[in-house]
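*Asks:* Sequence:
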Amino acid sequence: MSEGKRVSGAVQVYSTQARDQIHAIGQRFFREMGISNFMDDVFCCVDELIKNAVKANYKLLLIMEHMYGMNARMNPGASPQEIRNAILDTLSDRNAYDNIAAEIIRRDNISGMVREVLNEEARHLAVKNRVYQENRAYSPDEREVLSRLKNLQKIRAGMKERDFKIVLTMEANEGVIYISVTNTAPILSNDLARILEKRREHRQCREEGREYEFFVNNIDTSESGFGLGYATIDCHLLNMGINPEHAIDIDSNRDTTVRLALPIEALMKKCDP
5 MSEGKRVSGA VQVYSTQARD QIHAIGQRFF REMGISNFMD DVFCCVDELI
55 KNAVKANYKL LLIMEHMYGM NARMNPGASP QEIRNAILDT LSDRNAYDNI
105 AAEIIRRDNI SGMVREVLNE EARHLAVKNR VYQENRAYSP DEREVLSRLK
155 NLQKIRAGMK ERDFKIVLTM EANEGVIYIS VTNTAPILSN DLARILEKRR
205 EHRQCREEGR EYEFFVNNID TSESGFGLGY ATIDCHLLNM GINPEHAIDI
255 DSNRDTTVRL ALPIEALMKK CDP
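Numbering of the sequence shown is given in our numbering, commencing with residue 5 and proceeding in unit increments.
Keep in mind the hints are simulated off the structure, nothing from the lab.
No experiment lies behind these values; they were computed from the predicted model shown.
Even for Gly, the Cβ is constructed at its ideal location relative to N, Cα and C.
Don't take each hint at face value.
[Said to hold, decoys possible] Keeping only pairs whose Cα atoms sit at most 20 Å apart, straight-line, the calculated PhoX-like set for lysine-lysine is:
id: 1; residue 1: K164; residue 2: K154
id: 2; residue 1: K158; residue 2: K132
id: 3; residue 1: K273; residue 2: K164
id: 4; residue 1: K55; residue 2: K169
id: 5; residue 1: K202; residue 2: K55
id: 6; residue 1: K202; residue 2: K169
id: 7; residue 1: K169; residue 2: K158
id: 8; residue 1: K274; residue 2: K164
[Said to hold, decoys possible] Okay, the calculated beta carbon distance ranges per label pair:
id: 9; residue 1: E178; residue 2: S12; range: 17 to 23 Å
id: 10; residue 1: N89; residue 2: N177; range: 34 to 40 Å
id: 11; residue 1: N41; residue 2: R127; range: 32 to 38 Å
id: 12; residue 1: N194; residue 2: N221; range: 16 to 22 Å
id: 13; residue 1: Q21; residue 2: N103; range: 38 to 44 Å
id: 14; residue 1: D253; residue 2: A106; range: 22 to 28 Å
id: 15; residue 1: S143; residue 2: R88; range: 38 to 44 Å
id: 16; residue 1: N194; residue 2: G81; range: 51 to 57 Å
id: 17; residue 1: A106; residue 2: R258; range: 15 to 21 Å
Go ahead and model the full structure; you've got the sequences and the hints to work with.
*Replies:* Written out as structure tokens, the structure is:
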């Protein structure tokens with residue numbers, strides 16, 4: 005068993021190609037640890053975390069754009085750099101950011117804007133993934149489809165300008181595999197509370213033998229929340245014989261990092277001979 009092994013990389017666009025690359029790296033990593041049987045469950049967890057990180061970054065960027073407009077109206081003599089600095093100061097103050105973000109989300113339908121960007125991204129990825137799988141160049145019609153995705157183009161330009169990113173790290177150390185997904189956005193207190201509540205609700209349904217009810221009752225994800233994805237992660241961890249309460253850590257300040265802790269020896273014992 006190899007200890008001290010670490011791989012890390014940034015996710016720019018979460019396409020089929022990126023998923024294949026992450027799965028291949030993870031498969032090699034877990035094979036070296038002797039627990040490749042669990043790669044599919046682990047990959048499903050990572051997949052959920054990356055999709056949540058993408059959504060969170062989009063949400064933050066839209067909130068910041070509205071914060072910029074609010075600051076510009078309230079301080080007409082301020083320079084663009086002064087406004088950006090004021091926004092960064094707000095992001096560093098958890099209570100101030102929670103209050104301002106909650107007002108913007110309620111007033112400006114940020115959840116609806118995120119959904120529209122995600123819908124455009126789905127159309128973009130459908131084309132990109134088809135081209136990748138068929139190993140060919142984009143057709144003129146496909147380029148035309150991509151050129152019409154204005155919301156996605158705008159938000160990706162904003163993310164590039166502000167250096168928003170998602171970083172995935174896998175590390176084996178002292179008998180534990182740590183998998184971390186870090187994104188640029190600080191998590192809102194309401195979003196964290198939603199995650200904890202959905203995990204609690206899922207745990208209660210599971211313990212009472214009615215887990216299916218949880219997923220039936222939470223099909224609607226229109227509020228752009230993250231709780232359902234975390235309940236799905238809990239399912240995969242349980243499938244691996246890991247207690248989700250001990251395996252997931254969420255740390256948020258200016259960035260947000262979600263870390264999975266997977267005990268190598270315990271997983272090795274569960275592998276098929």
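*Asks:* Go through the numbered hints given earlier and state which of them the structure violates, listing their numbers in rising order.
*Replies:* Violated hints: 3, 6, 8 and 16; rest satisfied.
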